[in-house]
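With chain A held as given, fit chain B onto it using these hints.
Number of protein chains: 2
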Amino acid sequence: MILIIFNFAAMLEDKNTSKTQLSDLGEFGLIKHLTKHFNITHKSTVYGIGDDAAVLAFEGDQCVVTTDLLVEGVHFDLSYVPLKHLGYKAVMVNLSDVYAMNATATQITVSIAVSNRFPLEALEELYAGIKTAADIYKVDVIGGDTTSSTTGLLISVTAVGQAKADDIVYRNGAKESDLLVVTGDLGAAYLGLQVLEREKEVFKVNPNSQPDLDQYSYLIERQLKPEARKDIPELLKGLEVKPTSMIDISDGLSSEIMHLCEQSEVGVHLYENKIPLDPTVISTCEEFNLNSTTVALNGGEDYELLFTIKQEDYPKIKANPNLTVIGHITNKDQGAALITRANEKIALQAQGWNPIKNN
Amino acid sequence: MILIIFNFAAMLEDKNTSKTQLSDLGEFGLIKHLTKHFNITHKSTVYGIGDDAAVLAFEGDQCVVTTDLLVEGVHFDLSYVPLKHLGYKAVMVNLSDVYAMNATATQITVSIAVSNRFPLEALEELYAGIKTAADIYKVDVIGGDTTSSTTGLLISVTAVGQAKADDIVYRNGAKESDLLVVTGDLGAAYLGLQVLEREKEVFKVNPNSQPDLDQYSYLIERQLKPEARKDIPELLKGLEVKPTSMIDISDGLSSEIMHLCEQSEVGVHLYENKIPLDPTVISTCEEFNLNSTTVALNGGEDYELLFTIKQEDYPKIKANPNLTVIGHITNKDQGAALITRANEKIALQAQGWNPIKNN
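Read top to bottom, the protein sequences are chains A and B. Be aware that the first sequence starts at 1, since it is given in the numbering used here, and climbs by one per residue. Be aware that the second sequence starts at 1, since it is given in the numbering used here, and climbs by one per residue.
Possibly wrong hints are sitting among the right ones.
Heads up, the list lumps identical chains together, so a pair's fine if it works in one copy or across two of them.
To be verified - With a straight-line Cα cutoff of 20 Å, these simulated SDA-like cross-link-like pairs (lysine to any residue) come out: (1) K274 x I317; (2) K316 x D231; (3) K36 x E262; (4) K345 x D333; (5) K164 x D61; (6) K164 x G48; (7) K164 x Y218; (8) K345 x G60; (9) K318 x G184; (10) K164 x G60; (11) K237 x D167; (12) K164 x E240; (13) K36 x Q263; (14) K164 x T45; (15) K242 x N322; (16) K43 x A57; (17) K345 x E272; (18) K310 x S177; (19) K32 x Q349; (20) K43 x E59.
To be clear, the hints were calculated from the coordinates, so they are not data collected in a lab.
Next comes chain A alone, as it looks inside the complex (with noise of 0.2 Å):
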C-alpha cells in the first residue's frame, strides 16, 4: 500500500538538509546515472541506452510506437503524488496502450525535463519507480533526454511493443452484434484523486495531522500505482480469442466507446447495470455525493481495456473473473447509447478528462 503522502512535498522545499545540485553532474553523467542499474533483458534491444539512437530488432514482427506527456500541475500534483510512484504510473501510462493493441511491450525511452528545485535524491526517486516498472513489466529502457525545465517536472514516455502483425488489434474491427467487454472495475482512480484532493486541503489548515485512508486504500493505489493490464494480451492468447476491436480507456470509458464506434462505423449499447464498480467505489460516491455511473462513464484513469469480440467466443471469456461484458454493438444508426436501470435510452456523451480543456 501507498505509506507515504503529504510528506514528499515537503522534503522537496527543505532547503537545510544537503542535496545534491543536478548542476553538479552535468546532463551526460546525469543520464548515466540515472540509468545505471537500467538491464536489457529483450532479445530484440540490439543496443540500448549510450550510442545517438538505440537498435532494434523485431525479425518478421511488427512493432507498435506510443508515446505520452505527464506535465506538473497539469496531470500530477507532488504534494500527493510521491516521486516514485509518478515513475510507475508514467511507464503504465504508455504500456497500457501498447496492451490495447493486443501486444508486448517491449521497449521504452524516458525524457525528463526538470527545473533546478529537484536534488538529484528526488530525481533518483523517480528513476527508481521506473525501474520497478521496468522490472515487473519486463520493458527495456533504451534511451531518452534528461533537460532543465523553466519550472517544474515534465516527464516523457515513448513505448516499443512487439506482435505478429495477424495478433495487433485496431480500433476499427468491431461488427453489429459483437459483445462490449471491459477488463478490471471502473471508476476507483477518479475517487482516488478526490479523496486525495480533500486531504490535501485538510493538510494545508492542519500539516501535522496524518489522514487514516485505509478505507480508501483501494482508491488510492489505482490512482497512485495503477497497473497496465499486461496479463490480458497473455490471457486473450490463453483462451484463443482474438478481439474485433480494442483500445485504452484511461480517458474515461464514455469517450473511448465513442471513439471505437466511431472508428469501427457501428453503434452500441452499454448496460447501466452491467458496468463493474468495486464496493468502495460505491460507498465513496455516497459519501462525495457523486453518481457512480457517471463517476465510471467519465472519471478516467482507469488503465482498463475495453474490446469487443464475437459472439460465438463468449463461453470462453465468461468465466473469467477480470473481465465483464458490458454490452454489445449495434449498427451504426443506434449511435452509441447508454440503456439506464430503468431500461430508458439515452446518447453518451464523451466528458473524458481533457488536459487541454482543463488549463
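Just chain B, lined up with the frame of chain A:
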C-alpha cells in the same frame, strides 16, 4: 532566407486580434486538427495516427529509436525563433541522431506541452514547420500527445529509422590509424545565436529598428533552420564506404570526439588547421573577439556527423566537398588531443553545451 525575426513574439502577445483558444478544441480535436494534413508515405508505416499506438513493419531490417526534448527558455527563445522554424528544427535535432546510425529516418512522433498563452494559430505555425520537415526528409508523423503546460512550450520528438543490421554504425568501432572525418563546416550555428542575442538587446532598446543581418545570413540560418545530414548515409553508400564509427556532433565537436574515443577505447589526433570553417565564421569570430577554433570545438548545434573510416577508404572520399579529414585515431594511451597550428599537442576538453548546467 530567414525574413521575419523579432516580430513573432509581438504576435503572441497581441491581445487585440481575435485568436482561437486551444480550449475550444480539446485534446483530441486539437491533435486531429494539427495533423490532418500529414500523409503516410513509407511502406513500413502500417498504421499511423488514430489508434492507441502506431504500427510499424521493418521486415528483416533493424530499426533505430532516438528521442529529444526542446524546452522554451532552455533550448529556444521565442523572441527571435519563429515557431515554424522551431517545428522544423525539432525534427532535425532527432533525425540527425538517426543519420548518425547510418540509418534512413522513417517515422517520428511529436508531443507538445503548451501554455494557454499560445493561440491555435501559433501551434498551426509550429506544425507547419514540422510538416515541412517531414515532407522534405520523407518521414511519416505517426503519433504524439498534446497537453497543457503551466508555462511555456515544450516539444518532445521521438524519431525512428530503418537499416540493415550490417549497415548500422555505432560509436564504438573506431580503430587505431582510422581517419577522422567531419561533414560540413563548424561553428556557424553558435555564432548565429550570438548575433541573434546581440540584436535582441538592441531590439529591447529600440523596438522599431529592424536590423540588417544580411552579412550574417548563413550563421542565422544555421542556427534557426539547421538541416540534418540525410545525404550522408546515402553518399557513403554510394561511395561504398562503411564508417567504422559515427556520431552526431550537435552537442559540440570536442565532447563528441571524446565520447567516440571513450566508447571505441582509442585516442585521437585532431588537427586545428584542418577544422572546416566558413569564411563568415572567421570574420564574425574576429568581430566578436572569439577564437574560431574554440567556437568550432565547443559551440555546438552544428547538425553535422563525425565518423571514422579505414585509411584504405580515403581515396573514395577525398574529392568530396561535404567531407573533411580532420585527424586520425591513435592508441588509447595518447588520449584525445588537439594538434595546434603551432604544432603543440594539447588535451581536448569537453565544453559542449550543457542544458543542465546552463540553467
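With identical chains treated as interchangeable, where does the CA-CA distance between K242 and N322 reach 20 Å or less: within a copy, between copies, both, or neither? This pair counts as within: shortest intra-copy Cα distance 16 Å, inter-copy 53 Å.
Open item on the list: Checking an output row: K164 and G60, CA cutoff 20 Å. Within, between, both or neither?
Closed with: both (8 Å within a copy, 13 Å between copies)
**Asked** For K345 vs G60, is the C-alpha pair at or below 20 Å within one copy, between two copies, both, or neither?
**Response** Intra 47 Å, inter 51 Å, cutoff 20 Å: neither.
Indicate which option fits the pair K237, D167 if close means a Cα-Cα distance not exceeding 20 Å: within, between, both or neither.
For K237 and D167, only the intra-copy Cα distance (9 Å) is at most 20 Å; the inter-copy one is 36 Å.
Problem set entry | Up to 20 Å CA-CA - E262 versus K36, copy category | Close across copies (17 Å), not inside one copy (45 Å); limit 20 Å.
Cα distance capped at 20 Å. Does K164 pair with Y218 within a copy, between copies, both, or neither? neither (36 Å within a copy, 49 Å between copies)
- request: At 20 Å max between alpha carbons, let me know whether K43 reaches A57 within a copy, between copies, both or neither.
  value: both (8 Å within a copy, 17 Å between copies)
Notebook entry, point to check: At most 20 Å between C-alpha atoms: does K345 with D333 qualify within a copy, between copies, both, or neither?
Noted result: within (14 Å within a copy, 79 Å between copies)
Item checked: Within, between, both or neither: K32, Q349 at alpha-carbon 20 Å -> between (47 Å within a copy, 19 Å between copies)
(request) Can you give me the call for K164 and T45, within, between, both or neither, at a CA distance of at most 20 Å? (result) Result: close both inside a copy and across copies, 17 Å intra and 15 Å inter.
Worksheet item: Is it within a copy, between copies, both, or neither that the alpha carbon of K318 lies no farther than 20 Å from that of G184?
Response: within (14 Å within a copy, 65 Å between copies)
How would you classify K36 and Q263 at a CA-CA limit of 20 Å: within, between, both, or neither? Classified as between: cross-chain Cα gap 16 Å, same-chain 43 Å, threshold 20 Å.
Hint compliance for this structure: hints 7, 8 are not met, and every other hint is.
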